[in-house]
Amino acid sequence: MTVAIDRATGKRRGDRTPRPGLGRRLKDGYQKHWYAYAMIAPVAVVIGVLVLYPLGYGLYLTLTDANSLNSARTIGVNEIEATYKFVGLDNYADILWGPTAYDRFWSHFIWTIVWTAVCVGLHFFIGLGLALLLNQKLRGRTFYRLILVLPWAVPTFVTVFGWRFMLADQGIINSALDWLHLPTPAWLEDTFWQRFSAIMVNTWCGVPFMMVSLLGGLQSIDNSLYEASEMDGANAWQRFRYVTLPGLRSVSSTVVLLGIIWTFNQFAVIFLLFGNTAPDAQILVTWAYQLGFGQQPRDFAQSAAYGILLLAILIVFTSFYRRWLNRNEQQLAN
Amino acid sequence: MSTSTAPTKAPAEQIAAPTAPPRKVRGRGERSRAASLASHGVLTLASLVALFPVAWLVYLSLGPDKNDYLHPGRIWSKMTFDNYAFVLQDTNFFDWLKSSLIVSLGTTVIGVMVAATTGYAVSRMRFPGYRKLMWVLLVTQMFPIAVLIVPMYQILSKLQLIDNYFGLILVYCSTAVPYCAWLLKGYFDTIPFEIDEAGRVDGLTPFGTFFRLILPLARPGLAVAGFYSFITAFGEVAFASTFMLSDTKYTFAVGLQSFVSEHDAQRNLMAATAVLVAIPVSAFFYLVQKNLVTGLTAGGTKG
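Respectively, the protein sequence lines represent chains A and B. The first sequence begins at 1 in the UniProt record's numbering and counts up by one. The second sequence begins at 1 in the UniProt record's numbering and counts up by one.
Worth flagging that the hints you see were computed from the coordinates, not collected in a lab. Mixed in with the good hints, there may be bad ones.
As the list claims (entries may be wrong) - The calculated BS3-like cross-link candidates involving lysine-lysine, where the alpha carbons are at most 30 Å apart (straight line), are:
1. B:K98 / B:K132
2. B:K158 / A:K85
3. A:K32 / B:K132
4. B:K290 / A:K137
5. B:K132 / A:K27
As the list claims (entries may be wrong) - Partner residues are not named here, just some residues of chain B that face chain A (Cβ under 10 Å, in silico):
6. L48
7. L70
8. V139
9. F143
10. P151
11. Y165
12. G203
13. M270
14. A274
15. Q289
Claimed, not checked - With beta-carbon atoms standing in for the labels, derived distance ranges:
16. B:A38 / A:I315: 38 to 48 Å
17. B:L105 / A:P183: 44 to 54 Å
18. B:I102 / A:V87: 33 to 43 Å
19. A:Y57 / B:D202: 46 to 56 Å
20. A:G129 / B:D202: 46 to 56 Å
21. B:S77 / A:E79: 51 to 61 Å
22. A:A72 / B:K290: 41 to 51 Å
23. A:D178 / B:S258: 27 to 37 Å
24. A:A234 / B:V42: 19 to 29 Å
25. B:W76 / A:L182: 18 to 28 Å
26. A:I315 / B:L88: 58 to 68 Å
27. A:E79 / B:N164: 14 to 24 Å
Yeah, the Cβ is synthetic: ideal placement off N, Cα and C, and Gly gets one too.
Just need the whole structure built from these sequences, with the hints factored in.
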């Protein structure tokens, strides 16, 4: 599988970008790999300028007390110099164990974890179920698939507004519940129901992606494996357990990881569903946004610090996830 | 790496079909009548759930009054396209369309162009720093908007790029470029290496191989990457609502919100605009969705 064209260049030497001062090894590497470096140069530049530089700058901001009142700004024709000062790690300390740390950070942190776990779980299991159904020889399955992809096809910001109409106090959902003599929750006002609605809407939006990816995975499983296992007398469950699930491993581990990252960072659903009205339903991302841009004065430093914390959480999580995957893979290989 | 993700679907089915009948065993996917009824039942229910919110939005967009969404029954008797006429004639709809297209297409073009060579390089070449680059590409996928939004805001305001299309395009490229590179790497992986080798034997340079042989073959993959950048940029909310200040430069994602202010909520107009936005985008989506699936699974299974 991994037959690289530059087979001779398999050994690793030096660093990605040729920097002066690495001497002969660099020269060798450069001659061998200059094609590769030239080809990755555009992306390296873009990442450096558009990602790493702002990230570094953001990191610096978290060590200051920058907000919209003391940052450099222009009022009319007057340019006002930035007056914020360096405060070290105060922002992080304040967020993580300051006097209101629980109300501001930890409560949102817990909710974010719950939100991510529940949403991705629902995405995956509903998506897998639908993919399995669609993978059968079934009349009209193309048609079903086209309709089921719809939530993905329509931009999120459009569908979330549709949901807002439906979830409004006297919207269609509550009218229907009322008609059935069921209780009519205040979907968009009550904290529990806000969270419930957010999960519901996000599940609705996210299932098609999982379904389509898993369907792709299912279709790439070699049919002869099923035939072989059937010859060996495996029943439907055993075929699912020992052929389908292992066959889906590579697809599902990737889409679950992507799903976790995307859900953890999901901004549009919660922001558009509640705006600024639901402090308890905000996940960390929307909360950080609110600190930085949804209030006056804008607290740039704290907002950036939240951002760095979020990134740190995700990187730690991803490293563990990948290590766990690798270990599993090695166990399978043995 | 062990499982091949080459498009085995069609061949597998073709091979399976002839071998199945003699054994009279149901092939994969042929179930009993009850099971197939149940499958249809579940799929129909799921389809209704998928369809309803969108259909409802379309229905509400036909009600002329801004509070009709609370009394949907009344819409039947007075359905009208007035909302659409109003949106098209008397709002900033076309300004928003223009901004959305400029920003999304700009992101798409830059994203794909810049990312293509890198996707090829990481697919075919092993060079020092390869793993680090892959790691960076993966990490940038997980940047919460909260990480970049404050520094970007400060930097762009220093450069006077707030409320500027180019500024927003730059911001979107920070996610689009790594994502496209990652996706394209997966796609290039599915193109047989023998093609490159043949090209090299015939005396093409690596660049030549890439431009003359691989790029034309990778057109579907490029389309997928482009489409992803497009819909991501098109639907992005946070950066757009922070960085675009004048209402003629709003993208749709921001413009739609402007129908609902603290004092007034013109939900009928909002619904009509939403439908007008959704129709072309969904149509476009359906045109390319087959490729999307292959692109995704190709890109997805290789880390």
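Results of checking the hints against the structure:
1. For the suggested pair K98 (chain B) and K132 (chain B), the alpha carbons sit about 39 Å apart, so the restraint of at most 30 Å is broken.
2. About 18 Å separates the Cα atoms of K158 (chain B) and K85 (chain A), which keeps this hinted pair within 30 Å; it holds.
3. With a CA separation close to 18 Å, the supplied pair K32 (chain A) and K132 (chain B) stays within the 30 Å bound.
4. Distance restraint check for K290 (chain B) and K137 (chain A): the Cα-Cα separation of roughly 18 Å lies within the 30 Å cut-off, and the hinted pair is therefore satisfied.
5. With a C-alpha separation of about 20 Å, the suggested pair K132 (chain B) and K27 (chain A) falls inside the 30 Å cut-off, and the hint holds.
6. Because the closest C-beta pair between L48 (chain B) and chain A is about 9 Å apart, less than 10 Å, the hint holds.
7. This hint holds: L70 (chain B) has a C-beta 5 Å from the nearest C-beta of chain A, less than the 10 Å allowed.
8. Because the smallest distance between the Cβ of V139 (chain B) and any Cβ of chain A comes to about 6 Å, under 10 Å, the interface hint for this residue holds.
9. Interface hint status for F143 (chain B): upheld, as the beta-carbon distance to the closest one in chain A is roughly 6 Å, under 10 Å.
10. About 4 Å separates the beta-carbon of P151 (chain B) from the nearest beta-carbon of chain A, less than 10 Å, and the hint is met.
11. Hint on Y165 (chain B) is violated. Least Cβ distance to chain A is approximately 16 Å, over the 10 Å limit.
12. Proximity of G203 (chain B) to chain A is violated relative to the hint, the smallest CB-CB distance being about 15 Å (cut-off 10 Å).
13. Look at M270 (chain B): its Cβ gets to within about 6 Å of chain A, closer than 10 Å, so that hint holds up.
14. At about 4 Å, the closest approach between the beta carbon of A274 (chain B) and any beta carbon in chain A falls short of 10 Å, and the interface hint on this residue holds.
15. Contact between Q289 (chain B) and chain A, as hinted, is supported at the beta carbon level, the nearest pair being about 6 Å apart and thus within 10 Å.
16. For the pair A38 (chain B) and I315 (chain A), the beta carbons lie near 44 Å from each other, so the given range of 38 to 48 Å is met.
17. Range check, L105 (chain B) to P183 (chain A): Cβ separation about 48 Å, and the 44 to 54 Å hint holds.
18. Evaluation of the 33 to 43 Å hint for I102 (chain B) and V87 (chain A) yields a pass: the beta carbon distance comes to about 40 Å.
19. A hinted range of 46 to 56 Å holds for the C-beta pair Y57 (chain A) and D202 (chain B), which are about 48 Å apart.
20. At about 50 Å, the CB distance of G129 (chain A) to D202 (chain B) agrees with the hint of 46 to 56 Å.
21. A hinted range of 51 to 61 Å for the beta carbons of S77 (chain B) and E79 (chain A) is consistent with their spacing of about 60 Å.
22. Take A72 (chain A) and K290 (chain B): their Cβ atoms lie about 50 Å apart, and the range 41 to 51 Å holds.
23. Between D178 (chain A) and S258 (chain B) the beta carbon distance is about 32 Å. The supplied range of 27 to 37 Å therefore holds.
24. Separation of A234 (chain A) from V42 (chain B) is about 24 Å and conforms to the stated range, judged on CB atoms against 19 to 29 Å.
25. At roughly 25 Å, the beta carbons of W76 (chain B) and L182 (chain A) sit within the given window of 18 to 28 Å.
26. Remark: the range hint 58 to 68 Å for I315 (chain A) to L88 (chain B) is contradicted by a beta-carbon distance near 46 Å.
27. For E79 (chain A) and N164 (chain B), the Cβ-Cβ distance of about 18 Å falls inside the hinted range of 14 to 24 Å, so the restraint holds.
Of the hints listed earlier, those the structure fails to meet are numbers 1, 11, 12 and 26, in rising order.
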